[in-house]
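Engineer: These are the residues of each chain, in order.
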Amino acid sequence: MALRRRYADQTAKTRSAVSCCGTFNFQDSVWDSRREGTSLTDIRRLSFLAPSCSETSFRKGAVMWDQEIKGMASAHVILAGTILMATVMPTILLQNFSVYQTHLVWLYSVAGLVAAVNIALFWLLGVGPAAKRNSLGHKVSRLIRCCLYFCLSCLFFHVVVLLYGAPLLQSVLETFSLAVLLSTFTTLRCLCLLGPNIQAWIRVFSRDGAMSVWDTSLQITTACSIMGAWLGAFPIPLDWDRPWQVWPIPCTLGATLGFLSGLVIAPAWIHWHRQHLTYKTK
Amino acid sequence: MKVRSSVFASLCLILEICGIALFLRGFFPAPVKSSFTLKSKLSDQPAEPGPADAGNSSKVPPALFNRVVVLLIDALREDFVYGAKGRRFMPYTRSLIERGSSLSFVAKARPPTVTMPRIKALTTGSIPGFIDVVMNLNSAALLEDNLIWQAREAGKRLAFFGDDTWLRLFPKHFKLFDGTTSFFVSDYTEVDNNVTRHLDAVLKWHDWDILILHYLGLDHIGHLSGPHSSLVGPKLIEMDDVLKKIHTSLISEETEGILPNLLVLCGDHGMSETGSHGGSSEPEVNTPLVLLSSAFGRKAGLEKPEPVEQVDLVPTLALGLGLPIPQNNVGRLLQSAFQGTPLRQQLRYLHLNAVQLSLLLKDSSPHFHKEEGHELFRVAQKSHANWVKLYLEGNASEVLLNVGKKVLKQYLDALKAMNAALSRQLGKYDMYSMVLGMVLILQVLLLLLLAMPEALSGAAEVELLLGPSLLSLPFFLLCLLAVAVHVLVCTSVGALCFPCNLHWGVAIVLFTAASAGLCLLLGLAARRLAPTGRPATKSAGDSGRFSELDVLLLAGSVGHTLSLAASSFIEEEHQTWYFLLNTLCLVVFQDVCRKYFREKRPPADDGALLAPHDKPAHSSSSNRKWLALTTPLITLTSCRLLRSLNQTGVQWAHLPDLGHWLTSSEHKGALSLLAAGSLLLVFILVQRRCSLVSKIALVLGLLGVYSYRAAVGNVLFPWQQDGRDLSKGVLEARFVYVFVLGILFTGAKDLLRSQVAVADGGLRSRGLWEVYAGLVLLAALVSRPHNLPVLSGCLLIQVAMTRFIWRDLQYDTAQVTIMHYWFGQAFFYFQGNSNNIGTVDISAGFIGLETYVEAPAFLLTAFSTYTGPLLWTFHLAWYLTSRQDSRAVPSLGHGCFCLALLRSMPAAAYIIMVTALRYHLFIWSVFSPKLLYESAHTLVITVVCLFFTAMDQKPTMRL
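These protein sequence lines are chains V and E, in that order. Letter by letter, the first sequence follows residues 1 to 282 in our numbering. Letter by letter, the second sequence follows residues 1001 to 1959 in our numbering.
The set of hints was computed from the structure by calculation and includes no laboratory data. A portion of the hints provided could be inaccurate.
[Unchecked claim] Computed footprint of chain V on chain E, listed as stretches where at least three residues anywhere in the stretch have a Cβ under 8 Å from a Cβ of chain V:
| no. | stretch |
| --- | --- |
| 1 | 1563-1572 |
| 2 | 1583-1594 |
| 3 | 1626-1640 |
On a predicted model such as this, the values are computed, not experimentally measured, just so you know. Heads up, the beta-carbon is just placed ideally off N, CA and C, and yes, glycines get one too.
Start from the sequences, fold in the hints, and give me the full structure.
Structural biologist: Next comes the structure, spelled out in structure tokens:
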């Protein structure tokens, strides 16, 4: 039973307050089915559908489901708009600004704005992890841990990019900026959504581990950002001598485009699969 | 008929090799050569056009120069003389160029910019085909018509000092000679002192007419530390002094009454920004060509040197020495060198050159009448005849001069047009052989693809309907059709295609094989497409669960194949492999994490219950877990370190790398430590599975490797005296060879016993490991000392991956094979190889040999080039055999089949792309070398697959 409470606890963190009760029910049924010897994969598949089958009434669930998708989609639109703003605004405010020549300025303006909007969005929507204790000290320690995790993730991405062959000593700043951008697109969203909770991260990023729309959107945008940066590296060896082939512009552009496409793909994918999957569970 | 998949794969690869050979024969143009076997003779030179009674018109005009010295400096770049470096380091040469009586040109060398083809070009005047590069190792005597032969026939006395390639090309041609091997690339002083020490004596003696000096030091400096090295300056100053010595000596001998002497300063090829050569970049192609003689007028100041072709020197020298122009020459004479002679003589020189070119053109192209050059030549010859008539009539000088100038111009135009026509000839492809080769290669690829489900099934056997398909009607129809097409093509195109010149028996065998292959293919295709319920559902179930790893392996293999269509991706192919390998390691890391963390979670949740039972196994398993988790990270780190060892490719090849740092003489201590450490690591990693005898042999062999490197002078020996001479290290190397053979022999013995005796899988896997250990020892011997970490890194990754990843994560044979292949490719580039011919380490072919012996030199060079792929595939053989014990799956057959498929996919795709891009700008500089590399790689994999097939023998014997 201890485990059961823990399960419930965890879901409570990740779910909005409205659907909380439903999830409880669902988790109970999952737990029971496991007891009865249903295979683990089945449960995982079910657990992905947590929001939709949480209610006994399909219609009610579907409405809520739609609401959630709409909320997420609008959040994504705002984020995409932010990136656009971050590109357009410095052009107006600063002289001699161009995405290629003053690339780092662009990069940090995008990273900063996306970070700010992300934090604001999640705070306003209240999707983020529910705090167990609301004491100030606890909040501060969480904040510090978040910052620490963010820095660690920057370092992690930096090391990965180095392993991929980025020069070790030259253009360290450029490489690190790429790491910061990638962390903004991936880790920051995880921190906002899941908090500094490694267990939750592992759950979300393991196969079929998503438990809400937001988890799936997180999975998709993260994968898309990283894939974008990965694909962005391809034009580097070409001998075209274009201004956008300078390190790390292809990768940052790739990551940004990947993130943008992730923002578009996530609601679409969920919407499409929702029909499919609800049908299946019925 | 059922065939095991390994046998099937080997057969396919052999067929593919035939196809590639045929394709290469058609792709690389046979060099433009006249079919006459005789060489040009002085006696049958064309007569001067004009009236028949013009007197001594059929004679070659007399020589212009008395003695000629050719100062050939290897890898002398154009800017080393004409640029800022020249001004600083070659003051004497520069003063002669600017104010002396000299002619200066920028001579463009044709790629491949490698020494031997360049020497051939400089002596025969022809442009050696690309195939000549492959023959660079094997420089057999030059049989074509060439300047050196002509000079010797004309009774000139020749002397030669320098690179001994000349002595191999022209045996018994030189009266005085002393060859230097370009064997020790690390030595850039001895090679040149060897030449210069003869200089004083030779310049005093008068028993030579032509002296050729070939200095190698500059090239060695380039290879060691590049064109901007601090060593280049002193070397150029040294060369300037040599030139000064020769020039003053030649000037001082000149007296009234004898002809002036000539000094030619030239380079055979340039040097890229990294110091290598072989490609077609501007700095590699542009070399200086300076002619110094009192016969030329004095210059007023520095002019911009005129660009010419390197081969243009050949007719100029030939006519300047009064020799016939070599038959295969495509060069045009340097008109400015003959400016001082009377107009009649100038026209006569041009006429001789034009006649020679027109004969060559007539011989190499059946439609020479339509060529513009031929027409221009006829017109020029006609007006030349008129001019001679006018001249003999003693016409007014002003008119005569003007007409003569016009004729001169006509001749120059004709020469230019004919030269262009001949160059075009070089780019002609034999499409018929290419298409035949492509058909064979595509057939093989399709066969492999269609047979894949069967070959990778549990039985690992492919059902070939050989009997029915050979007796079927389509087979005979196809044979007839093929023969009919062959006859049609050959009668319409003529004898220009290679397959048409084949013996009819060979041709029929070829066509029968091709049609049989096609029939088999159709049979297989019919069987695949036939609606059989069971296999279809099974494959659907399989393809439904592609893991990330499968997606990456598939996408990576296909993506790499597609990337070969872009020249930049070929130049930077190492980047593709490093990138894929890194991603592979990360995906494997994710798999490991998933295995250890996800499966850990449920026990962690109710850990209180399970903990007591878990305790004993816990510590070792958690240890194992952490080791497994660090393995991909260690692999990633070592790959990152290894890739910074050798910068290859083109765009970033000039960046400093660890290899250059290590090989520079100041860091010999560090290199010695690194080499010793790597050898120690190699020993530790290899000895675990060896028998005691092999262990001892391995220790002695590795010690021998170190002492060989010490003897050659690459590394320091702890108790070595400073004054010890460098030697070739033949004794030490042979010492190592003995142990290599010994270990290989013990391995082979075990393998044979496992074939004959009871089915003992352990014996076979031990034998395979011993064979592998022998190869590792050989690799340690032939790889350059700074590349020894590549070897130890390879072993480290293999051991770690085997222990913690491949077995534990239960990757199937196909996955493991693809991973081995990828690692092999990445290690090919870690060694410093690239898709440029210039990076092949030829010196490996001389290890342990006193003189050049063709077969071992070729094998050793091939082995040292393909060390990475070979070691990984042999490791694969061992791994699959050792795993086979536990499971009853024919892994070796699967592995062999996967290797064949992995190799034929890029090979077939690349050959089609090359055919499509055959008029691309970079076809000779980028795509052709890559084609050679692809073919060589396919050959290597074929050999490996044959070995796999031999190892896979057992199951059939039991069946």
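Engineer: Determine for every hint whether it applies to the structure shown.
Structural biologist: Cross-check of the supplied hints:
no. : hint      : verdict
1   : 1563-1572 : holds (count 6)
2   : 1583-1594 : holds (count 3)
3   : 1626-1640 : holds (count 4)
Comparing the model with each numbered hint stated earlier shows that all of them hold.
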